[in-house]
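Those protein sequence lines, which keep their order, are chains Z and E.
Residue numbering for the first sequence follows this note's numbering, starting at 44 and increasing by one per position.
Residue numbering for the second sequence follows this note's numbering, starting at 124 and increasing by one per position.
Warning: the hint list may mix true and false statements.
[To be verified] Here are some chain E residues pointing at chain Z (derived, C-beta under 8 Å):
1) D157
2) T159
3) C231
4) I235
5) E236
6) H241
7) F244
8) L245
9) C258
10) E259
[To be verified] Using 30 Å as the maximum straight-line C-alpha spacing, the simulated DSSO-like pairs for lysine-lysine come out as follows:
11) Z:K192 x Z:K87
12) E:K218 x E:K167
13) E:K196 x Z:K248
14) E:K261 x Z:K207
15) Z:K128 x E:K218
16) Z:K162 x E:K204
17) Z:K207 x E:K173
18) E:K225 x Z:K207
19) E:K225 x E:K204
20) E:K196 x E:K170
21) E:K170 x Z:K248
22) E:K173 x Z:K248
[What the hints assert, rightly or not] Label pairs and their computed distance ranges (CB to CB):
23) E:E180 x Z:D57: 13 to 21 Å
24) Z:G197 x E:P229: 54 to 62 Å
25) Z:K162 x E:G206: 43 to 51 Å
Since the hints were derived computationally from the structure, they do not count as laboratory data.
Note that the coordinates shown come from a computational prediction; the quantities given were computed from them, not determined experimentally.
Glycine included, every Cβ here is placed at the ideal spot set by N, Cα and C.
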Amino acid sequence: MQEKTVRHLMNPLDFTVEELDKLFDLADDIERDPAKYSKVCEGKKLATCFYEPSTRTRLSFEAAMLNLGGEVLGFSEASSSSASKGESVSDTIRVVSCYADICAMRHPKEGAAYVAASKSRIPVINAGDGGHQHPTQTLTDLLTIRSLKGSLSGFTIGLCGDLKFGRTVHSLINALSRYNDIEFVFISPEELRVPDYITDMLDSKGISYSEVISLEDVIGKLDILYMTRVQRERFFNEEDYVRLKDFYILTKDKMDKAGKDMLVLHPLPRVNEISVEIDDDPRAAYFKQAQYGVYVRMALILTLLGIEV
Amino acid sequence: MLNVGKIEEGFVLDHIKAGQSLSIYHHLQLDKLDHTVAIIKNAKSEKMGKKDILKVECDIEELNLDVLAVIDKNITVNVIKDGEIVDKKELTLPKEIKHIFKCKNPRCITSIEQELPHIFFLADEDEGVYRCRYCEEKFDKRRLVQ
């Protein structure tokens, strides 16, 4: 008997645009009628293998599986797993394959989820591998934009903050570059500019973009503003971090210059780059984004398990 | 002039950039095999001025020459059988390179899991760019001539 092919998610580009449309349609239906999906994963188990702490992503995966009527098991840091005894990712996933039906893995090393997927009998979802990929964050961003803007084409998106080290930003640009009529505005200090390989990719596809330093100068023309946090752990030099961490703070004054339909997104957690006074502004969509993260993970679990409702 | 005898079966790698033969010797892992190898450095060349040549006496099925295209596509590979050139191999970039180069990215999973095979895939054929199968870090070709 031929073994069933197991599908994994390592990179947001693993899915074609058509497959993503189907996934987002499913997420939309889940949002409309969550009760319809509340028992579809009964008897199924999600293993959350988190080798480094990540409250938000782990809870989002767990909430997604629980919402589907499934169960959850796992560990939330390497010290509470057999990795602390020196077990390899390959061995861990072979064992986890015996206990669960699907696995979400976060690991500080790049490519760890790929290693797991290559040895796994169950679908593996990359829940973040170091600074490399975090595909479910990108799926969350895309679903949020599609749901709140109605389409993934025909808008101007400003990405602001750390565009050099921010993997969510790189991943989102790559994913959006497959859609039509999108203009990118990269807003960052000189030291945190978007890497050349991203702008080379946009050039090769003939996609228009601009790079600016001042947020105020461009905020008025944006349909979406994607804010990011300057991450301390990416800097080797504390002095550089301190100098750059407060470079952009989105305040009410700046929001007054923005269009009335502009969406503000943020992968969270935020530190101080979005002032809390913005939270009640109807254009602030970052907490809704967290909710869409649950819907898209629910749709993803169903898709990878091959469950049709 | 120095004379190096003919080989009966194996390869003559010609038109190697002067100074690169030792690097190729290591990348082909000839140091791990029990073959007769002649390394000729700084031979006179009309085309190149100076060049290196490698002669390897071995079963022609035995040696994997994929890596040569990554180092320099202009190297000429003469296949020798019964003391004669029977073929000139055209070098093409392999889709995947396994067990030859190590990923140097300290954040790559291969940096902590020693048993994993080091694999690079051809990410851009036109530019000859290889990336690590795990972390997708670009392979720095400058390492090849070190």
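To see whether the hints hold, each was checked on the structure:
| no. | hint | verdict |
| --- | --- | --- |
| 1 | D157 | violated (33 Å) |
| 2 | T159 | violated (39 Å) |
| 3 | C231 | holds (5 Å) |
| 4 | I235 | holds (6 Å) |
| 5 | E236 | holds (5 Å) |
| 6 | H241 | violated (11 Å) |
| 7 | F244 | violated (12 Å) |
| 8 | L245 | violated (16 Å) |
| 9 | C258 | holds (4 Å) |
| 10 | E259 | holds (7 Å) |
| 11 | Z:K192 x Z:K87 | violated (34 Å) |
| 12 | E:K218 x E:K167 | violated (34 Å) |
| 13 | E:K196 x Z:K248 | holds (29 Å) |
| 14 | E:K261 x Z:K207 | holds (17 Å) |
| 15 | Z:K128 x E:K218 | violated (36 Å) |
| 16 | Z:K162 x E:K204 | violated (42 Å) |
| 17 | Z:K207 x E:K173 | violated (44 Å) |
| 18 | E:K225 x Z:K207 | holds (26 Å) |
| 19 | E:K225 x E:K204 | violated (33 Å) |
| 20 | E:K196 x E:K170 | holds (16 Å) |
| 21 | E:K170 x Z:K248 | violated (40 Å) |
| 22 | E:K173 x Z:K248 | violated (42 Å) |
| 23 | E:E180 x Z:D57: 13 to 21 Å | violated (47 Å) |
| 24 | Z:G197 x E:P229: 54 to 62 Å | violated (42 Å) |
| 25 | Z:K162 x E:G206: 43 to 51 Å | holds (48 Å) |
Taken one by one, the earlier hints fail for this structure at numbers 1, 2, 6, 7, 8, 11, 12, 15, 16, 17, 19, 21, 22, 23, 24, listed in ascending order.
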